[in-house]
Amino acid sequence: MARTDIGPPHYSTMLPPVIKENYGQWKYHEIVKPGVLKHVAENGAELYSVRVGSPRLVSIDFIRELADLADKYCEGYLRFTSRNNVEFLLADKSKVEPLMAELKEKGLPVGGTGNSISNIVHTQGWVHCHTPATDASGIVKAVMDDLYDHFVEMKLPAKLRLALACCINMCGAVHCSDIAICGIHRVPPTVNHELFAKVSETPSVVACCPTFAIKPNPKEKSITINEDRCMYCGNCYTMSPAVNIMNPANDGVAIFVGGKVSNARTAPMFSKLVIPYLPNNPPRWPEVTEAIRKIVEVYAANARKGERLSEWVERVGWETFFKLTGFPFTDKHIDDFTLAPTTFRTTTNFKW
Amino acid sequence: MAEHKTPLLDQLESGPWPSFVSEIKRAAKKNAKANDLLGQLEGSYEEKTGHWKHGGIVGVRGYGGGVIGRYSFKAEEFPNVAEFHTVRVNQPAGWFYSSEALRKVCDIWEKHGSGLTNLHGSTGDIILLGTDTSKLQTCFDDLSDAGFDLGGSGGGLRTPSCCVGPARCEYACIDTLDITHEITMAFQDYIHRPMWPYKFKIKVAGCANDCVASIARSDFSIIGTWRDNIRVDEVEVKAYADSGLDIFAAVVHKCPSGAMKWDKENAKLTIKDEDCVRCMHCINVMPKALRPGVEKGASILVGGKAPVVQGAMLSWVIVPFIKLEPPYEELKELITKVTEWWDEHGKSRERVGELIYRKGMRNFLRDLGLEPVPQMVKAPRTNPYWFWWPEEVNK
Numbered sequence: 001m002a003r004t005d006i007g008p009p010h011y012s013t014m015l016p017p018v019i020k021e022n023y024g025q026w027k028y029h030e031i032v033k034p035g036v037l038k039h040v041a042e043n044g045a046e047l048y049s050v051r052v053g054s055p056r057l058v059s060i061d062f063i064r065e066l067a068d069l070a071d072k073y074c075e076g077y078l079r080f081t082s083r084n085n086v087e088f089l090l091a092d093k094s095k096v097e098p099l100m101a102e103l104k105e106k107g108l109p110v111g112g113t114g115n116s117i118s119n120i121v122h123t124q125g126w127v128h129c130h131t132p133a134t135d136a137s138g139i140v141k142a143v144m145d146d147l148y149d150h151f152v153e154m155k156l157p158a159k160l161r162l163a164l165a166c167c168i169n170m171c172g173a174v175h176c177s178d179i180a181i182c183g184i185h186r187v188p189p190t191v192n193h194e195l196f197a198k199v200s201e202t203p204s205v206v207a208c209c210p211t212f213a214i215k216p217n218p219k220e221k222s223i224t225i226n227e228d229r230c231m232y233c234g235n236c237y238t239m240s241p242a243v244n245i246m247n248p249a250n251d252g253v254a255i256f257v258g259g260k261v262s263n264a265r266t267a268p269m270f271s272k273l274v275i276p277y278l279p280n281n282p283p284r285w286p287e288v289t290e291a292i293r294k295i296v297e298v299y300a301a302n303a304r305k306g307e308r309l310s311e312w313v314e315r316v317g318w319e320t321f322f323k324l325t326g327f328p329f330t331d332k333h334i335d336d337f338t339l340a341p342t343t344f345r346t347t348t349n350f351k352w
Numbered sequence: 353m354a355e356h357k358t359p360l361l362d363q364l365e366s367g368p369w370p371s372f373v374s375e376i377k378r379a380a381k382k383n384a385k386a387n388d389l390l391g392q393l394e395g396s397y398e399e400k401t402g403h404w405k406h407g408g409i410v411g412v413r414g415y416g417g418g419v420i421g422r423y424s425f426k427a428e429e430f431p432n433v434a435e436f437h438t439v440r441v442n443q444p445a446g447w448f449y450s451s452e453a454l455r456k457v458c459d460i461w462e463k464h465g466s467g468l469t470n471l472h473g474s475t476g477d478i479i480l481l482g483t484d485t486s487k488l489q490t491c492f493d494d495l496s497d498a499g500f501d502l503g504g505s506g507g508g509l510r511t512p513s514c515c516v517g518p519a520r521c522e523y524a525c526i527d528t529l530d531i532t533h534e535i536t537m538a539f540q541d542y543i544h545r546p547m548w549p550y551k552f553k554i555k556v557a558g559c560a561n562d563c564v565a566s567i568a569r570s571d572f573s574i575i576g577t578w579r580d581n582i583r584v585d586e587v588e589v590k591a592y593a594d595s596g597l598d599i600f601a602a603v604v605h606k607c608p609s610g611a612m613k614w615d616k617e618n619a620k621l622t623i624k625d626e627d628c629v630r631c632m633h634c635i636n637v638m639p640k641a642l643r644p645g646v647e648k649g650a651s652i653l654v655g656g657k658a659p660v661v662q663g664a665m666l667s668w669v670i671v672p673f674i675k676l677e678p679p680y681e682e683l684k685e686l687i688t689k690v691t692e693w694w695d696e697h698g699k700s701r702e703r704v705g706e707l708i709y710r711k712g713m714r715n716f717l718r719d720l721g722l723e724p725v726p727q728m729v730k731a732p733r734t735n736p737y738w739f740w741w742p743e744e745v746n747k
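Residue numbers (the working numbering), protein chains in the order written: chain A, 1 to 352; chain B, 353 to 747.
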């Protein structure tokens, strides 16, 4: 019988000697080159971190290869970042170049530091989720192939954080990213009444609807969905397997931009809708990669040095953003959910 | 093992970014589940839809969470993914690993599962992707023997996570790894036996840069900060200026509260610390010259979440400053008070932020015994619709 409630291994058993010795004693850092950070401790000790992009969905053999590299170059330790990058932690500067050469040979990109695009935080999609409106790993691969140069270089005005969620549950933090790709459904769900009566709790399904579009249907021991009120969030699908929200002819992707979580300069912000729908076009989603490239290019060409995408748009205005990108502005862009009035313009100051 | 034809997925093996398809194929060479996953996924790419059923309740003895049930609609065609459950394994704080620990997890997953993983899941766990109901217990037994435990799922505390913190970051104002580990250990019961209205996430960030997105992605956000003055190394300020950094344009001009002055002639940077809001911008640009103060602690914010159900929220300040030192009793008490209040009043699938929105911040603060202070709001209310407590009016 396994021991329960032992918790995770203590972090101190996972730290390389150079970190154990200088824990809490780091003085400053610099970015030596894209993907390589140098941290210097109070006592002069140096730590080199080499940041590597990974597909996140990996085999155990991939992890074993990482472990071998950690043994060879980093005294047997490594870490992962909050954006699914791998970081090799080297106390010995002379090993940085040999490690980078071996990573290059393996086809693993080094980058994601400073004013770059780091790895795309993303969800499971068709690989493993039960409510996806799109795939996750496939779009991420297609977008990162297209924007690869921005991962291995640091030529953007500021850092640019991308995220993808395969439905509006937004497990992938897309609600606060510079550019967010979000899977969306576009038609109300269908209900299998026979199954509903067997497997569902009517009150919890009724209560889960944010727009009060669901009412009990006692005759069928099921529910009725008011289609005019439904905005396809899929909450009811999560509450009952008898409800089906997936619709291949209509599911697709929306693009949001201008979110951030850092407090630097400006307060954290939500991402805002810029493209309400792009079709699912696997395996490489060309409409999505093209739209994102457009946003990156317009941002890179127009923002001032040090300006996050959100800060640039706040300065120039959304009317300028839509003009420069050429994206159509539609009734979908005007909020009608819970806090809608806070997004309406309450000044006569705007641009043409 | 029959090889599935995957012409669509094959197109995702080219290009410079590492390919998840190549990774699935790598696992598929040795494992029938990974192989059938490839087949089913190709079908999703053809039909533009998912093929996983709504999750079922599966798990290990003694726990109510940590395993996500997953069944295929295509079990006849792909029998090896008929059951394809996810095991969430609680990561070590800060996502640091020894190669030995990683290999142990790989060996266990080779024996009991598909050989496919996510490093890491959105909340922070190691995600072991795809196994059968019959293998869950032995998989957990082996993980436990190797010193690992399961993470959270369902209506309970989800696995806490943190930024790299003092392990490698000079900005860290709190020991994010230690706090995360201590909280995780103190609330094991709430992680493993979900008993709350919905999920509850805790994330610990060492400074206002918030590299774990705690303000956006956690119900209870712990963000390091300081109360005294930014430490300035004048020699290094001058060195930055001499190296060509335009200190006025890149630093002073961007200070959100106008707290800085730059005397270019004398290379003298002045900070009016009472005006500083500790946003981290100047420190980010000149880490050699500027550092957080020495009276360090954290701000506590609550309510952050993604859109479901009532819309996305960013966490709100409830404790502007708290010292955080082991054994973090005050912090643990606050987490207990917040979660108990939410458990008492919350409806099913109502996050704590939504509950505070429904019941009003004033009720939340009063029930928790927190004094209202201006740091909690952007501005006072603009409407005349407030309540008086009975004891505040003349009878």
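Among these hints, one or two may not hold up.
[Said to hold, decoys possible] Ranges between beta-carbon positions, derived for each pair:
no., chain 1, residue 1, chain 2, residue 2, range
1, B, 399, A, 338, 30 to 36 Å
2, A, 20, B, 425, 54 to 60 Å
3, A, 97, B, 717, 36 to 42 Å
4, A, 64, B, 353, 20 to 26 Å
5, B, 742, A, 326, 57 to 63 Å
6, A, 186, B, 731, 18 to 24 Å
7, A, 187, B, 675, 51 to 57 Å
8, B, 489, A, 345, 54 to 60 Å
9, A, 20, B, 620, 51 to 57 Å
[Unchecked claim] Away from chain A, derived, C-beta distances all over 12 Å, residues of chain B:
no., residue
10, 358
11, 365
12, 489
13, 580
14, 745
Bear in mind the hints are in silico, worked out from the structure with no lab data behind them.
Glycine residues also receive a C-beta, built at the ideal position from the N, C-alpha and C atoms.
Enumerate the violated hints, using their earlier numbering and listing them in ascending order. 2, 3, 6, 9, 10, 11 and 12
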